[in-house]
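Make the full structure from the sequences, and use the hints.
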Amino acid sequence: MQHKLSFMETVVYGLIGLAVFLGIWYALPATGLVPQQFLPGPATVVERMTVLATQPFAGATLPAHIGYSFVRFMSGFLLAALIGIPLGLIMGWFRIVDEIVAPIFDGLRFIAPIAWVPFAALWFGTGVGGPIMIIFAGAFPPCVINAYRGAKQVDPQLIEAAEMLGTGHLRMMKDILLPASVPSIVAGLRVAAGLGWQSLVGAELIVASTGVGFMMVQAQANVATSTVMSGMVAIGIVGLVIDMLLRRGEAAIRRRRGLAE
Amino acid sequence: MGSIRFENTGKIYGDAKTGFKALDGVSLEISDKEFVAIVGPSGCGKTTCLRMVAGFESVSSGKVLVNDKAVTAPGADRAVVFQQFALFPWKTVRQNIEFGLRNKGIAKAERDHLVANALKLMTLESHGDAYPHQLSGGMQQRVAIARAYVLDPSVLLMDEPFGALDAQTRVVMQEELVRLARVNPRTVLFITHGVEEAVYLADRVAIMTRRPGTIKEVIDVKSIRTQENWDSYEKIEDVMDLESFVHLRTRIWKSLREEKIAAAT
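Respectively, the protein sequence lines represent chains A and B.
Everything in the first sequence is counted per my numbering, starting at 2 for the first residue and increasing by one.
Everything in the second sequence is counted per my numbering, starting at 38 for the first residue and increasing by one.
FYI, nobody ran anything at the bench for these hints, they're computed from the structure.
Check the hints yourself; a few may be wrong.
Below, in silico cross-link-like pairs of lysine-lysine (BS3-like), each with a Cα-Cα straight-line distance of 30 Å or less [as the list claims (entries may be wrong)]:
| hint | chain 1 | residue 1 | chain 2 | residue 2 |
| --- | --- | --- | --- | --- |
| 1 | B | Lys128 | B | Lys141 |
| 2 | A | Lys153 | B | Lys128 |
| 3 | B | Lys157 | B | Lys145 |
| 4 | A | Lys175 | B | Lys253 |
Spelled out as structure tokens, the structure:
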């Protein structure tokens, strides 16, 4: 059996992993194994990022590009959550809705978000709608599926308790299925955020005139590899922050319910 | 006003011919403000009887009537107290008790008043803002009873409500329930496998046969309780020491034992 790691151990092991990663990343271009132009080292990227923080590239600074991307991400993500979670709960409560929606939904969810790009471009051009639609396509299925699963896995006795207290359909979904499904829904939101954020950058490569993805594709055209890499690092960091926030939210909810972490 | 009537009630799980026969022609009448306990060997279908009154399960044959109306679905006129409490873990004690009142569309001021009364009745005043997981099992069951009582249901259905509690807590809760029944008499259907509990609490005790369950005999406790003045004793152990109590208990015990032996052979 594995013993539980202390906080210090977790930090130390995490730093070891990071150090090895940075070491290899540094060594490859520094030793000439890979040309600088193909793989800029970490120092080069950090230097480039500090420049991009103040000097605009492709129409805006790096923080501004991230800002554009983030606003789009939040719009698509919230839209997916606001439609997806209620839909999942309704499917979980009303058998007939489940039967009607499930076949269509199960087919659609296997289409990668990026496959919607041609239509996003066709319908919205490079306007704000295109990227939001792509994020929505990525984030929507996990929202629906996890709300649905959560609703299906509610302790049947809690549903019976609510029924004998005279609970109607709307209140059953809002006050019983929804809170009981929160752990499952939050897990779904984390997956949705990951998929949404990934899809966004893909979408911006094609259908946007601002944002981190747009900046990267412009940099690629100029063979500015360190700028492309700066974008990648920024994407990774923002993704990590989003996931961390959602995880915090999940832990807070579990603590309030008296559940083990 | 609240009455329950089983009229030749049967329950089969699955196909009518090949399915699992759980209940076979149960007939029992519980009149207004009467406390009836059903005891029976495990698996005899006593909980199924309660679940049919609650509307959680359909009736395969015969009828289940509450206030002379056939039961079709669960409803707030038939409040249930579950063995495992079934409190909403994300709601405070107060919110749990208030839940059914909100479904009824009762105004806030009136709700607050009723919830405060229910908290007081079950001596939970200082725990109104606690979450269920912060309370002991006995306390949680008090909340579940308050949640049922506050709705002023016409019948109260209790499915082995003290089965999940430790022995000491169970005794306290039994005394509490007797006190409650005196202050605020209700029609109660109480399912248990504890013979002493049934004799101590109920006006009548219905004994069920082994599966497929039916009512074997119904024993009147109330007349003996009043005759021997059980209610003048404060403590449950004093009542349980009385010859009249022991006599009744032994009689039910023997009747049940026959069923258990028959089921085993």
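### Violations among the numbered hints
4
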